[in-house]
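Peer 1: The chain contents come next:
4 protein chains.
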Amino acid sequence: MRLDNTARGLYPIAPTPFFTDGRIDYDSIDGLTDFYLRAGATGLTVLGIMGEAPKLEQSEAIAVATRFIQRAPGIPVVVGVSSPGFAAMTSLTRAAMDAGAAGVMIAPPPSLRTDDQIVTYFKQAVEAIGPEVPWVLQDYPLTLTVVMTPGVIRRIISDNPSCVMLKHEDWPGLEKISALRGFTREGLMREISILCGNGGLFLDFEMERGADGAMTGYAFPDMLADVVRLQKAGERDAAHDLFDAHLPLLRYEQQQGVGLAVRKYVMMRRGMIASDAQRKPGAGLTANAKAEVEYLLTRVGRIDSRAVLGRE
Amino acid sequence: MRLDNTARGLYPIAPTPFFTDGRIDYDSIDGLTDFYLRAGATGLTVLGIMGEAPKLEQSEAIAVATRFIQRAPGIPVVVGVSSPGFAAMTSLTRAAMDAGAAGVMIAPPPSLRTDDQIVTYFKQAVEAIGPEVPWVLQDYPLTLTVVMTPGVIRRIISDNPSCVMLKHEDWPGLEKISALRGFTREGLMREISILCGNGGLFLDFEMERGADGAMTGYAFPDMLADVVRLQKAGERDAAHDLFDAHLPLLRYEQQQGVGLAVRKYVMMRRGMIASDAQRKPGAGLTANAKAEVEYLLTRVGRIDSRAVLGRE
Amino acid sequence: MRLDNTARGLYPIAPTPFFTDGRIDYDSIDGLTDFYLRAGATGLTVLGIMGEAPKLEQSEAIAVATRFIQRAPGIPVVVGVSSPGFAAMTSLTRAAMDAGAAGVMIAPPPSLRTDDQIVTYFKQAVEAIGPEVPWVLQDYPLTLTVVMTPGVIRRIISDNPSCVMLKHEDWPGLEKISALRGFTREGLMREISILCGNGGLFLDFEMERGADGAMTGYAFPDMLADVVRLQKAGERDAAHDLFDAHLPLLRYEQQQGVGLAVRKYVMMRRGMIASDAQRKPGAGLTANAKAEVEYLLTRVGRIDSRAVLGRE
Amino acid sequence: MRLDNTARGLYPIAPTPFFTDGRIDYDSIDGLTDFYLRAGATGLTVLGIMGEAPKLEQSEAIAVATRFIQRAPGIPVVVGVSSPGFAAMTSLTRAAMDAGAAGVMIAPPPSLRTDDQIVTYFKQAVEAIGPEVPWVLQDYPLTLTVVMTPGVIRRIISDNPSCVMLKHEDWPGLEKISALRGFTREGLMREISILCGNGGLFLDFEMERGADGAMTGYAFPDMLADVVRLQKAGERDAAHDLFDAHLPLLRYEQQQGVGLAVRKYVMMRRGMIASDAQRKPGAGLTANAKAEVEYLLTRVGRIDSRAVLGRE
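Chains as they are written, first to last, in this note's numbering: chain S, 3 to 314; chain A, 3 to 314; chain U, 3 to 314; chain Y, 3 to 314.
In isolation and in its complexed conformation, chain S is listed as follows (with noise of 0.2 Å):
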């Protein structure tokens, strides 16, 4: 299975279970999986930012992908693969293929500034990764400090035909999918996949501007298959009704830092993972944020059934 340009609905990025002392939990891993396939993922993310992946060794990285790919055979796996070098991020992108991965995604890193560096970064990873490998690209400004203009990603999917899929996740980024879809129409760039990231802060609007699904972890994976869903159905107000009721709680878990520790809560309370916990550094959740946590599933709760959790 190779992730190709037709890639659509909910691919979530998946979070990594530790337990509390830092271990890796795979059975974790298993049930997380299932969970996704059953709120209706068409693929998945795996070892993204927010997977934790800097925190990983190499050989704990490909082995939490051969998991999630073992556990989920009937679905295109993307593998975050970016790495300071080139070494590292060929190596592991073997080693994720050889794994069974459909794909991998790569983040331009912090020290590019001009549009020419950015064309040259991605022009030269696909040499070292190889031009057979699909990959797909990730425009995150606000956490990368990497501005890509329309214009640059058009340079980039020209000069790389392995790439299948840009994570949106420029913010504001509306405009951005209208030009990049506007450019397509125009035949002035071939059709790429588009999935949201960002949190899904502007998933019910993105939606709308052309994307092709969502790409992001927010604890309800359930409800962006099913905005995603809505949206492509044509029913615009019942993907607002749905997305609305859950826009505070997913604004509290699309802060910075903190953010992960909210989604991992979150994910522990539906029964996702077993633990919360994070590898260092990695803050958790004051009592107070737990409350706030627990108050906005309330609040949820009350359109969404989903939200309704037993007592914590």
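For the record, the hints were derived by calculation from the structure and aren't laboratory data. Hints should not be assumed to be uniformly reliable.
Since copy identity is lost for identical chains, a pair holds within one copy or between any two.
[What the hints assert, rightly or not] Only pairs whose alpha carbons sit at most 27 Å apart, straight line, appear in this in silico DSSO-like list of lysine-lysine:
no., residue 1, residue 2
1, LYS282, LYS292
2, LYS282, LYS125
3, LYS234, LYS282
Could you slot chains A, U and Y onto chain S? The hints should help.
Peer 2: Just chains A, U and Y now, kept in the frame of chain S:
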């Protein structure tokens, strides 16, 4: 009227109204001020970042501040005086105070990195403007790139008796409010007023953490005033209900860069200002974006009738 | 007198002389200007970053520029007009040109990232100041954090006929000069003047790569003028011999932050200005640093007698 | 052999030698190590930033470190272990110490901003690698963008008994050395070893401020060793004479980005390594740049015969 640490409620961040040719629209300043007073503002903040202050010449800045002050004689007006150098900061401060401002607001320049650099900067700023001018410390890392720990804020408060308020817009920032209030409870820091910015994105919980009110520019200041009032009255659920009804639009307005265009557009639609024009550089809204804002207004209007506007 | 692309030689970056109480020392402006003229300056640049321009109020800035211009009626004076907004940039430009400036210098604001953002900014700046004002493009990534490729500089030159000079201070930057001169040789870019800054650290080779001269503020402008002259005369070894004799001191002066203190101290020691005072914020030299500078002066003095100064 | 705070002299930052096809050239590691020992190195630092460490896979990194260690059994070898996460840092540290390293070097990740964030990071790093591993704190703001005050360095030293050395490469940094030595003199901080980096640009004065030696990679380590020795012997003028003779070339080598190409080129010309190849991404020298380096070598050779090389 002098700003002091008992300030609370709503201090809207006022935009500067322009005509489409870039001239300042003083009549709209009057109308806008009247609107704020009716909306329940207990104070006013002018010439902030979202007030396009850097686009004004100093003489214009003084004229704008003066107009707001004269139209709102009953409430304290805070004037943003952040400048690349202390000479300009000092002369603007003097002009503002002479015109009747209640105090000034100072943001740290982006070059500051270490704790000591930050503390020293504000000491020098106070030497420059004079120790008798009440001032507001602006803490906005997302835009200003300067990160102040609670400990650094405490040092600034302790060094400078004239600092009476924190404009809190760290993101995430809930724990910071709790930490600062904890300092005061434990007798480690004198009491200051904390008003919250960052577009209002976390105002619902910020009030619960101990904030005194809002200092932000969302196009529905009346909603902000209501949320502050409801939280102060202990009507938590009602506060969240109202806040959540606005959150989809508030989030849309909070987009970096394009956010001000959204804000001014909605203000124009509500009749608060005559035109949504910005001085260059400043992007307008695309047709797509306008349609999205109108859709969001309609949806907010189902809960809050103030969002029901006539035809565009 | 209007600046044009035939400018060459030495345009010293003039410091702004202050008294120790922070007032501007206009008499020192006169003496400094006279010194520059005797040193062989073919032009003059005032209100640059090292001229402490951001620490001046606009009225002061105009007064300082005017004083320099009036004292140097025979040579073109370039006035730095970089400002946070176009309104201030425009009014300062008008005042400077009215006072007799030959042109202005504009640096990009640090927020610019993509090629298009940079190109657009300068287009808007020229709209703001007017297409008839000759101007210098400042390219100083180390301090400004904006990186312009040769291609971007070419676009700016091509968009704006009034851009007649590049203040080249990229670091490293030798290949950039070669690339730009190559564009012109190949008919891809009109000819511009290139004067070099960055403290003069690579002036020796920059001249060999095709630069037209120096625009920097090293405390021995007479040495800079000599190096430019010797290189133009083909006396390569002599140019390097003189440059190398100064390099230990020049390097010492080029330190970020503390560099201006070194520069003003040496200028004071040479009688170019009355005091080495800076406006706040600005650090002075420690006793250790002063002793090191004196030691370096002694060593330079073994080759270049202009560095032999009386007792401190 | 364990690194401790008595370390002094010259610890060259070793480049990693590659063949033109990107493979590691282990024979050149042997030759290079022999050269360093003959040049007077009292220690060795491998896998630093200029050692292209991020371009190596971890297995390669371990092999490179091991080869250096085995070839230099008589001197302590410091291994750079900076990593995006603590898991990789820990495993690399263990492998290096098992292979006989004397200690490791850790640089702060660019995301750190506040004093507390920096202090916490190093505490967690020491927890990760173990308190028994001697380590070097790298302080290099120009490249790493993390600014540590002397006070923060003191906190790190105080928190972590295993921190025995500072790789000082702040710029400007002379006052920092004086401040740290002052702390120790006043009994406020235990004594640490301070070796200086930043290409050696201020080694002449750093020694006079109290540094213990050099830890940098200039292509003439023999000159660095001599300057350290002469300064320690009180032969100040002789130290500066030698240093100044090299400064034009040293400055040329210190250019960001292109500097490593200059360094490897000169090392190849001196027979220290077989090829000046870098792994991608990494630019080579243009013909112009090579000619400039050759010219500089000729000029250095007039004073220091070690720079007289055969025909290119």
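Peer 1: If a hint holds in the structure, say so; if it doesn't, say that too.
Peer 2: Verification of the supplied hints:
Taking the shortest alpha-carbon separations for LYS282 and LYS292, only the intra-copy value of 20 Å comes in at or below 27 Å, while the best inter-copy value is 44 Å. For the identical chains of this complex, LYS282 and LYS125 are inter-copy neighbours only, at 11 Å across copies versus 34 Å inside a copy, given an alpha-carbon limit of 27 Å. Taking the shortest Cα distances, LYS234 and LYS282 never come within 27 Å of each other, neither inside one copy (40 Å) nor across copies (38 Å).
Violated hint for the displayed structure: number 3, the only one.
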